[in-house]
Amino acid sequence: MAALEIEGLTKDYGEVLANDDVTFTVEEGEVFGYLGPNGAGKTTTIRTVMGFQSPTSGGGTVLGHDVTDEADLIAAKRRIGYLPANPAFDEDVTGREILNLHASIKGDERRAELVETFDPPIDRTVRDYSTGNVQKLGLVQAFMHDPDLVVMDEPTSGLDPLMQRAFNDFVEAEKERGLTVFLSSHVLSEVRRVCDRVGIIRDGRLVTTENIEDLLHRTGKFVRVRVAGEVDAAAFDLDGVHDASCSTTDGRRADDRPAVDDTAEPDDTTDGAVGGRLGADAADPPRVDGPVTECTFTFTGDVNELIAVLNGRTVLDLDIEEAPLEEVFMRFYGGSDA
Amino acid sequence: MLEIARYEGRNRVRGAAAATAALGGFALLYIFVYPTFAESLGADIDQLLEAYPEALSKAFGVQSLASMEGYLASELYTFGWLLVVGLYFAYAGASLIAADVERERMDMLLSLPVSRARVVLEAFASLAVPLVALSTVVPAVVVVATEVVGYPVPAVDVAAIHLLSVPYLTACAGLGLVASVVFDRAGIAQRVAAGVLVGLFFAESIVTDTDFDAVGVVSPTRYLDPNAVLRESEYALGDAAVLAVATLALVALAVALFRRKDIE
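First to last, the protein sequences are chains S and P.
Be aware that the first sequence starts at 1, since it is given in our numbering, and climbs by one per residue.
Be aware that the second sequence starts at 1, since it is given in our numbering, and climbs by one per residue.
One or more hints might be untrue.
[Unchecked claim] Capping the alpha-carbon separation at 16 Å, the derived lysine to aspartate or glutamate pairs in EDC-like fashion look like this:
1) P:K261 <-> S:D69
2) P:K261 <-> S:E30
3) S:K175 <-> S:E30
4) S:K175 <-> S:D146
5) S:K221 <-> S:D243
6) P:K261 <-> S:D12
By construction, these hints were calculated from the structure, which means they are not laboratory data.
Based on the sequences and whatever the hints tell you, model everything.
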């Protein structure tokens with residue numbers, strides 16, 4: 001049985017078609033990432049799954065229960081954990097009191113362990129919580145009744161990188177225990193580690209569902225490299241390079257900086273500017289005379305081949321990062337909905 | 001069951017204590033002022049009434065100030081209780097659902113295995129905290145204070161006006177509750193509920209004994225008469241039943257509306 005099944009889900013707000021005939025399935029034991037830019041319709045699907053709003057047409061089931069039938073859905077909610085995009089709790093009570101309320105209704109067999117893992121300040125009133133702490137409290141309540149399915153809307157937003165890693169570790173461990181997870185994100189890199197499969201939604205329409213490995217292979221990396229000398233885009237003519245573009249500047253001479261420093265009036269120089277320059281000095285690559293070329297391209301090939309191409313050149317700077325989702329859309333799905 | 005009501009009820013304790021202290025203080029002040037007022041004017045006290053504009057004395061139920069009962073019925077109960085406490089409950093009712101929707105807390109609550117009907121009913125039930133606090137402390141203050149100043153009022157009548165005002169106040173809260181499921185912002189729900197209640201309060205007093213008398217039939221204030229209870233010991237149980245039925249109808253309407261609502 002599928003843990004989550006969405007069939008022809010459409011939600012028409014009049015001026016916006018937030019979900020347009022969305023159909024997909026999340027299998028039991030799977031971590032499914034629901035990806036799309038902000039405003040694509042991810043939250044609409046999630047809120048329909050949770051029964052907060054009714055679809056214009058279509059529908060779905062969670063854990064075999066109809067999401068449009070309140071009584072039926074309540075039976076499923078005993079086994080569902082939920083974390084909204086902006087979890088909000090009563091501000092005048094402590095985290096502990098909120099967890100107590102949730103416990104009294106859905107149970108809390110894993111509460112102690114989760115409070116230790118995420119460590120929200122449960123004896124403080126929620127009013128004093130930072131965004132991150134609210135998110136931690138949200139995570140504890142989502143998992144504390146040991147649900148079979150957890151639905152999370154942008155769970156990693158609001159978490160610092162350390163907590164993001166802890167969250168990923170946690171989800172991976174839960175997956176081992178057989179938990180099914182349905183989570184949304186607009187940042188592929190934040191969820192790529194934990195997802196088995198992703199669905200990509202844009203302008204309310206599900207564009208594709210595919211395995212994360214396939215998607216990552218196809219989306220590739222965004223590369224920006226600065227090298228000494230005048231280099232043509234043709235220099236990066238190897239498999240997997242797309243849309244290479246290079247621009248060459250004169251570069252700066254080695255004696256530029258002392259001259260600037262000498263002429264600058266102390267009053268004119270803010271602390272920030274001095275700090276910035278000193279910082280740049282400390283981390284500076286080898287100085288070069290003559291032109292400098294900056295090239296950017298998307299790369300879906302073998303990183304070793306890229307390094308081989310760069311070998312022998314004076315590399316001043318090299319950035320390789322996950323291609324942003326928007327780039328992925330532009331590349332594979334063009335500007336149209338298809 | 002009742003986990004939400006207990007939780008919400010606990011969160012209302014401080015507010016209820018403050019409201020009870022304020023109303024109790026208000027009652028004390030009124031009662032302690034009365035002897036000076038009554039003795040300085042003596043038998044001429046009701047001549048003061050003629051100086052009141054008629055609409056005003058009708059609106060605030062001023063029929064006679066010659067007795068402590070008449071004085072309490074107008075100043076404390078018609079103004080303080082029917083209008084001020086009625087507004088307090090309309091406001092409180094209006095905040096129940098709308099505030100949680102507005103602050104996005106409703107998602108969290110509805111993610112629990114609870115029905116929407118239960119969320120509405122238990123939230124409404126949490127208003128029992130201020131209702132019980134006000135309806136037990138204030139009558140005790142009135143009975144004791146009137147005794148102390150030497151103008152005792154029968155305890156049975158005081159108990160009766162408070163008992164009969166329970167369905168009145170729940171009807172006010174029910175009015176607020178309906179506003180709170182219709183509007184997604186607590187501020188708007190509160191203003192609408194308060195506006196409607198104040199409007200009905202004055203409309204009822206204006207149309208009474210006119211050709212438009214029938215219009216006042218929808219005003220909750222028509223079904224509770226502090227003068228009749230305190231001055232004549234007349235308890236209109238039928239009117240109280242009307243208010244109780246109105247409360248049930250308003251709560252049922254709120255449940256029906258909330259069950260269909262898209263929470264956004």
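Against the structure, the hints come out as follows:
The hinted pair formed by K261 of chain P and D69 of chain S meets the criterion: a straight-line CA distance of about 14 Å does not exceed 16 Å. Pair hint K261 of chain P plus E30 of chain S does not hold up; C-alpha atoms about 32 Å apart against a cutoff of 16 Å. This hinted pair checks out: K175 of chain S and E30 of chain S have alpha carbons roughly 7 Å apart, not beyond 16 Å. For a cut-off of 16 Å, the pair hint linking K175 of chain S to D146 of chain S stands: about 12 Å separates their Cα positions.
Only pairs whose Cα atoms come within 16 Å are accepted, and K221 of chain S paired with D243 of chain S is accepted, the gap being roughly 12 Å. Between K261 of chain P and D12 of chain S the alpha-carbon distance is near 15 Å, which keeps this suggested pair within the 16 Å criterion.
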